[in-house]
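Colleague: One line per chain: the protein sequences are L and C, in this order. Just add 99 to wherever you are in the first sequence, counting from 1, and you've got my numbering. Just add 99 to wherever you are in the second sequence, counting from 1, and you've got my numbering.
Just so you know, not all the hints are guaranteed correct.
Because identical chains cannot be distinguished in the list, a pair is counted as satisfied if it fits within a single copy or across any two copies.
Within a straight-line C-alpha distance of at most 25 Å, the following computed DSS-like cross-link-like pairs (lysine-lysine) qualify [as the list claims (entries may be wrong)]:
| hint | residue 1 | residue 2 |
| --- | --- | --- |
| 1 | Lys389 | Lys362 |
| 2 | Lys203 | Lys259 |
| 3 | Lys203 | Lys262 |
| 4 | Lys259 | Lys186 |
| 5 | Lys323 | Lys398 |
Worth flagging that the hints you see were computed from the coordinates, not collected in a lab. All values derive from a computational prediction rather than experimental measurement.
Protein chains: 2
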Amino acid sequence: RKRILITGGAGFVGSHLVDQLMLDGHEVTVADNFFTGRRRNIEHWIGHENFELIHHDIINPLYIEVDQIYHLASPASPPNYMYNPIKTIKTNTIGTINMLGLAKRVRGRLLLASTSEVYGDPEVHPQPEEYWGHVNPIGPRACYDEGKRVAETMCFAYAKQEKTEVRVARIFNTFGPRMHMNDGRVVSNFILQSLQNQSITVYGQGDQTRSFQYVTDLVSGLIKLMNSNYTLPINLGNPEEHTILEFAKLIKEQVGGSSPIIKKPAMQDDPSRRKPDITRARTYLNWEPKVQLLDGLQKTIDYFHNELSRSK
Amino acid sequence: RKRILITGGAGFVGSHLVDQLMLDGHEVTVADNFFTGRRRNIEHWIGHENFELIHHDIINPLYIEVDQIYHLASPASPPNYMYNPIKTIKTNTIGTINMLGLAKRVRGRLLLASTSEVYGDPEVHPQPEEYWGHVNPIGPRACYDEGKRVAETMCFAYAKQEKTEVRVARIFNTFGPRMHMNDGRVVSNFILQSLQNQSITVYGQGDQTRSFQYVTDLVSGLIKLMNSNYTLPINLGNPEEHTILEFAKLIKEQVGGSSPIIKKPAMQDDPSRRKPDITRARTYLNWEPKVQLLDGLQKTIDYFHNELSRSK
Ligand SMILES: NC(=O)c1ccc[n+]([C@@H]2O[C@H](COP(=O)([O-])OP(=O)(O)OC[C@H]3O[C@@H](n4cnc5c(N)ncnc54)[C@H](O)[C@@H]3O)[C@@H](O)[C@H]2O)c1
Ligand SMILES: NC(=O)c1ccc[n+]([C@@H]2O[C@H](COP(=O)([O-])OP(=O)(O)OC[C@H]3O[C@@H](n4cnc5c(N)ncnc54)[C@H](O)[C@@H]3O)[C@@H](O)[C@H]2O)c1
Ligand SMILES: O=c1ccn([C@@H]2O[C@H](COP(=O)(O)OP(=O)(O)O)[C@@H](O)[C@H]2O)c(=O)[nH]1
Ligand SMILES: O=c1ccn([C@@H]2O[C@H](COP(=O)(O)OP(=O)(O)O)[C@@H](O)[C@H]2O)c(=O)[nH]1
Ligand SMILES: O=c1ccn([C@@H]2O[C@H](COP(=O)(O)OP(=O)(O)O)[C@@H](O)[C@H]2O)c(=O)[nH]1
Ligand SMILES: O=c1ccn([C@@H]2O[C@H](COP(=O)(O)OP(=O)(O)O)[C@@H](O)[C@H]2O)c(=O)[nH]1
C-alpha cells in the first residue's frame with residue numbers, strides 16, 4: 100500500500116487512474132486546479148478514508164509526503180492548450196520542476212504523462228522511442244509540444260543529477276468515458292454527431308489514419324510502467340490503425356442513427372498517419388492494449404448518451 | 100537614450116554588448132549571478148553614472164524599470180551547461196519566464212540570445228531559420244538545446260498573447276577576447292596550445308568544418324536586431340567556413356610558435372559541418388560580419404597572451 104499523488108487527477112485520464120489505484124487499496128491524493136478537470140469525475144471517492152482532493156495549481160510548490168507521483172496535470176487537447184499558451188508552458192515547465200523537486204525531497208518516484216506530440220509531425224512511421232521528432236519550436240502547438248519535450252528533459256536531468264526515480268510515458272490518442280465533449284476530437288465529434296442525428300464531419304478525404312487506445316488500457320500501462328524498472332521513455336498506445344472514414348462508419352453504425360457522413364475541407368498540416376511502435380512496452384512491461392475498439396466505443400457512447408440527457 | 104537591462108552582462112558576449120551600449124550613451128544595468136561571468140569583464144564601467152551592476156540570479160523575479168532587455172543569462176559551453184543540468188534548465192525556463200514577465204509589465208522589448216544548437220545535429224546545410232531542427236530531447240546536451248527551444252517558444256507565446264515585443268537571435272559559434280580559456284572550445288584550445296608550445300590537438304581527421312564570427316560583429320547584429328521591426332528568429336553568424344585543420348594551421352602560424360599539430364580520436368557525434376544561412380539577417384537587418392578572421396584571431400591571441408602573463 101502506497102501513498103500516491105496524481106496531479107491532474109480530476110481530468111479524463113487521471114480520474115480513471117484514481118479509480119484503479121483506489122480499487123487497488125492505495126492512499127490517493129489528487130492535486131488539480133480544475134482547469135479542464137471536473138469534481139464530478141472523482142466525486143464518488145470523496146469521503147473515502149484513503150482519498151484526498153487538494154485544489155491546487157502546480158505552478159505553485161506543493162509540500163506533501165508521498166511515495167509515487169503520477170504527473171498528469173496539463174491541458175491536453177489543442178483548444179485547451181491553445182486557450183492560454185503561456186499557462187500551458189508554465190504548467191509544463193515550472194509545474195514539472197515543482198513536482199520533480201517534490202519527488203527529489205521525498206525520494207519518491209515520478210511518472211510523467213508525456214505525449215506522442217513530442218514526435219511532432221513525424222517523418223518516421225510508426226514512431227519508435229528513439230525517434231527525435233519533428234517539431235516546430237515557434238508554431239501554435241509549440242506551447243504543448245516543446246513544453247512536454249523539455250518536461251522530459253527535466254525528468255532525465257533530475258534522474259541523472261539527483262538520482263530521482265523517473266518514468267516517462269509517451270501517450271498516444273486515447274478515448275473513453277469522461278473525455279471532453281467539446282474538444283473537437285474525432286471520437287467525441289463523431290459520437291455526438293451520431294447521437295444527435297447531425298452530419299458526421301470527415302475532414303478531407305477521410306483516408307488519413309489514427310490509432311486509438313481505450314482509457315483503461317492506458318491506465319494499466321501507466322501503472323505497469325510506474326512499477327517497472329524500465330527508465331527510458333516508453334510509448335503507450337494502440338497500434339491498430341483505422342482510416343477516419345472507417346471510424347465514421349463504425350460509430351454511425353454502432354449508434355444506429357441516421358446521420359449522413361459528409362466531407363469537410365481538410366485540416367492544415369493534418370498528419371496523414373500516426374501509429375505507435377509499442378515494441379518497448381511489449382518487451383519491458385509485458386503490456387499491450389486489450390480492449391476491443393467496439394467495446395470501448397460502446398462504453399463511450401453510453402457515457403455521452405448520459406451526459407446529453409443530464410444537460411437537457 | 101534608453102534604459103537597458105543585460106542579463107548575463109558579465110559574461111563573454113554580454114560584456115562586449117555592455118561596452119557598445121555604454122559608448123552609445125545608454126543607461127545600462129547588468130544582472131548576473133557570476134556563474135561563468137566575471138566582475139573583471141565589466142569593471143571598467145563600475146562607478147560610471149550610467150552603469151549599474153546587480154548581483155542577481157534570474158531564476159528569482161526581478162523588479163526594475165527598463166525599456167529594453169537583452170536576455171543573455173545562461174551557461175553557454177558544454178562543460179558549463181553540463182556542470183549542473185538542472186540549473187541550466189531552470190535558468191532557461193524559469194529565468195526566461197521571469198524576464199518575459201518583466202518585459203510584459205514594463206511594456207519593454209526583450210531580445211533572447213538563442214543558439215544554433217536549436218538546430219541540434221542538423222540534417223540541412225547550411226541552416227535557414229525555417230529548419231525545425233534535429234534535437235535529442237533526452238540526451239546530455241538536451242538541458243541546453245531543449246531549454247533554448249522552449250525559451251523561444253515562451254517568447255512567441257508572450258508576443259502573441261500579451262503583445263510583448265520579442266526578438267530572437269540564433270547565435271552561431273563566436274570568439275574573441277574574454278571568451279573562456281578552459282572551455283575546451285577549438286579556438287581557445289588552439290590559441291592556448293600555440294602560446295604554450297604544446298601540441299595542437301585536432302580531433303579526428305580535421306576535415307570537419309566550422310564558421311566563427313568575431314564577437315563585435317555579433318554585438319552589432321544583436322543591437323540591429325533589437326532595434327529592428329523584424330519579429331521572427333534570425334541567425335547571427337559568420338558563413339565563412341573553414342576546416343578544423345585550416346584553423347590549426349592558421350592559428351599556429353599567427354602565434355608563431357613551434358607546436359606540432361597532432362591528431363586525436365574524433366569526438367562522438369561531432370557535427371561534420373555547421374554554417375549559418377544569414378539571408379534573413381542580410382535582408383532584414385542589413386547586417387553581415389565585417390571583421391576578418393585573422394584580425395579577430397590576433398585580438399584574441401593578444402588577450403590570451405595577457406591572461407597567461409597575469410596568471411603567472
Ligand atoms: N488524452 C489523450 O489522448 C492524451 C494523449 C497524450 C498525452 N496525454 C497527457 O495525459 C495527461 C492527462 O490528459 P487528459 O486527456 O486526462 O486531459 P484533461 O484535460 O482531462 O486532464 C488534465 C488535468 O490536469 C489539470 N490541470 C491542468 N493544469 C493544471 C495545473 N496548472 N495545476 C493543476 N492541475 C492542472 C486539469 O484541470 C485536468 O484535470 C496530460 O498530461 C496530457 O498531456 C493525454
Ligand atoms: N558564445 C557563443 O559562441 C554562443 C553561441 C550561441 C549562443 N550563445 C548565447 O549567448 C549568451 C551569452 O553566452 P556567452 O558566450 O557570453 O557565455 P558566458 O558564460 O560567458 O555568459 C553567460 C553569463 O550569464 C550568467 N548567468 C548564467 N546563469 C545565470 C543566472 N541563472 N542568473 C544570472 N546570470 C546568469 C553567467 O554568469 C555569465 O556572465 C548565452 O545565452 C548563450 O547561450 C553564445
Ligand atoms: O516538496 C517539495 C520540494 C520542492 N518543491 C518545488 O520544487 C522546486 C524544485 O526543487 P529543487 O530541489 O530542484 O529546487 P531548490 O529547492 O533547490 O530550489 C522548488 O523550487 C520548489 O518550488 C515542491 O513543490 N515541493
Ligand atoms: O470532426 C472531426 C474531427 C477530426 N477529424 C479528423 O480526425 C483525425 C484525428 O483528429 P483528432 O483531433 O481527434 O486527433 P489528432 O489529429 O490530434 O490525432 C484528424 O485527421 C482530423 O482531421 C475529422 O475528420 N472530423
Ligand atoms: O517585473 C516583473 C514582473 C514579473 N516578473 C516575474 O515574471 C513571472 C511571469 O510574469 P507573468 O506576468 O507572466 O506572470 P504572473 O505575474 O501573471 O504570474 C512572474 O511570475 C514573476 O516571477 C519579474 O521577475 N519582474
Ligand atoms: O582541441 C580541440 C577542440 C575542438 N576541436 C574540434 O573543433 C570543432 C569545434 O569544436 P567546439 O567545441 O569549439 O565547437 P562546436 O563543436 O560546439 O561547434 C569540433 O569539430 C571539435 O571536434 C578540435 O579538433 N580540437
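Colleague: Run the structure past the numbered hints and jot down the numbers of the failing ones, going up.
Modeller: 1
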